[in-house]
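Asker: In case you want the letters, here they are:
2 protein chains.
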Amino acid sequence: MFNKMCIIGVGLIGGSIAKASRQHNLCQQIVGVGRQLENLQKAVDLGVIDTYSTKINEGVKGADIVVICTPVGSFEKIFTELKKNWSEDCLYTDVGSTKLSVINSLESVFNAIPSNFIPAHPIAGSENNGVEASVENLFRGKQVIITPIEKTTPKAIQTCSLWWQAMGANVSEMSVMHHDEILAATSHLPHILAFSLVELLKNKQDKSETLKYAAGGFKDFTRIASSDPEMWSDICIANASQIQKLLKEFQHQNEMILNLIENLDKQGLFSLFESARKTRNDFLKMQLEQ
Amino acid sequence: MFNKMCIIGVGLIGGSIAKASRQHNLCQQIVGVGRQLENLQKAVDLGVIDTYSTKINEGVKGADIVVICTPVGSFEKIFTELKKNWSEDCLYTDVGSTKLSVINSLESVFNAIPSNFIPAHPIAGSENNGVEASVENLFRGKQVIITPIEKTTPKAIQTCSLWWQAMGANVSEMSVMHHDEILAATSHLPHILAFSLVELLKNKQDKSETLKYAAGGFKDFTRIASSDPEMWSDICIANASQIQKLLKEFQHQNEMILNLIENLDKQGLFSLFESARKTRNDFLKMQLEQ
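Those protein sequences? They're chains C and S, same order as listed.
Count along the first sequence starting at 1, add 3, and that's the number in our numbering.
Count along the second sequence starting at 1, add 3, and that's the number in our numbering.
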């Protein structure tokens, strides 16, 4: 499918893309680009990439696909570097968790957004990070959202979709704004709440005792609070407006719950919890059907 | 250890206690008490209990241990029934998730709280409920908190502790208030937040689409939103003051995060997320050491 793949940012997602692309014979050669030599060497030692460079212009030489897998806050700098050797024969794409910020960064670097860049977001991950955590089947059965803009070429859309499908993912297309709105709800807000809850408990005097009596529910609920703080502070900035809107709605709903508790309104609480349980069970059913 | 055990409320916890007690030869005979004949018959068919009754006064006849495993909102009625045939030779205990409410119910039913009732709370469970979900090793390696009051007899404390230890649990003792404060943080608040988040998403126009693109993080985060609404509305009422206090603190912390996002304060967000991640990782280490 591709001759030379260049992966910028060889961590959990970049490494998993490399492994999956190799497993399914989707490219001949994989070069990694990153800032830390040690990490790049580890990726070579683990057989994830073939070679590496710390310089983007060296890494992308001759590549027919370039995949940006770094935190979204770094994209503008990366685009500035890529622009110097932009190739019309190459497919450029990313895996960022926010998409409007990617379009904004492209706009600020290029006069016109290149038609061979296709914004994409695989809905897959783990609270573990680094190339050691990468796995070849991370995307199997998972959703990948692509958010082409008007001028993206049909060929770029098609090639990117086929590539993700070949790695086992289901690809859907939606608008940039719609993506950011949905992901704020299903991913960004839950991560922020998990960080927030754990931070709240940290500041309790009896922190170690509190944690001692935490059970499985707490463990699962806060799993995502072990996520990469660099990546998540970037996401908060990159999708600020959608996240703010939703977090305010969430605060408002909690105020309503506070009122129900204050009024000892058991029936009101029961109805709300019952309704939430039904929705959550619908979600499980949908996942099984996928 | 016991001759006849009476379990009031044969669901996930009651059923698991029956199975664990039988597995470790801790009692000769187990009678279940409940309101629904169908459920009690199922418990007999599954071999969880030996016999059953829908009447408390029948079920407790000759029992030397009575364990209350119903939602905490039902305790006062149950105590009123138990009082009619209270036996000084029997150990009475419960598994309720809140403890001050249990003491309050005891106080309102008895003139003086009986010295052979010992409030207890196993920190174990599942979002699944019903006797079908019960498992004999649910308490193995788990914490059980007992909250005796001043007049609880040493014998009751010792017998209850030995019984839980025999089922594989680690028993600690603390004050009623302290229990309710800790559990509000590690269990009650996370459950409320999970219900609240799922309810928020339910009310979005594109609910099914939203859920379609939810990934593993969302699934884990909201697992506890599948919990029993009856049990959890009871808990909110029973531990209202601690939950209100903490939920207000949580709201306050979210306001702070909202400010950081509004100011695009990446460093502030990074520090907070980094601190939360460290705490969460400490929690994992503590769990491994237990």
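Hints are not guaranteed to be accurate.
So the derived list for chain C, only partly shown, Cβ under 10 Å to chain S, looks like this [claimed, not checked]:
no. : residue
1   : Asp67
2   : Leu200
3   : Ala217
4   : Ser229
For the record, the hints were derived by calculation from the structure and aren't laboratory data.
Being a predicted model, the structure only gives us computed values, none of them experimental.
Positions of the beta carbon are idealized from the N, C-alpha and C atoms, including for glycine.
Asker: Could you run down the list of hints and mark each one as holding or not?
Answerer: A quick look at each hint next to the structure:
no., hint, verdict
1, Asp67, "violated (29 Å)"
2, Leu200, "holds (7 Å)"
3, Ala217, "holds (4 Å)"
4, Ser229, "holds (5 Å)"
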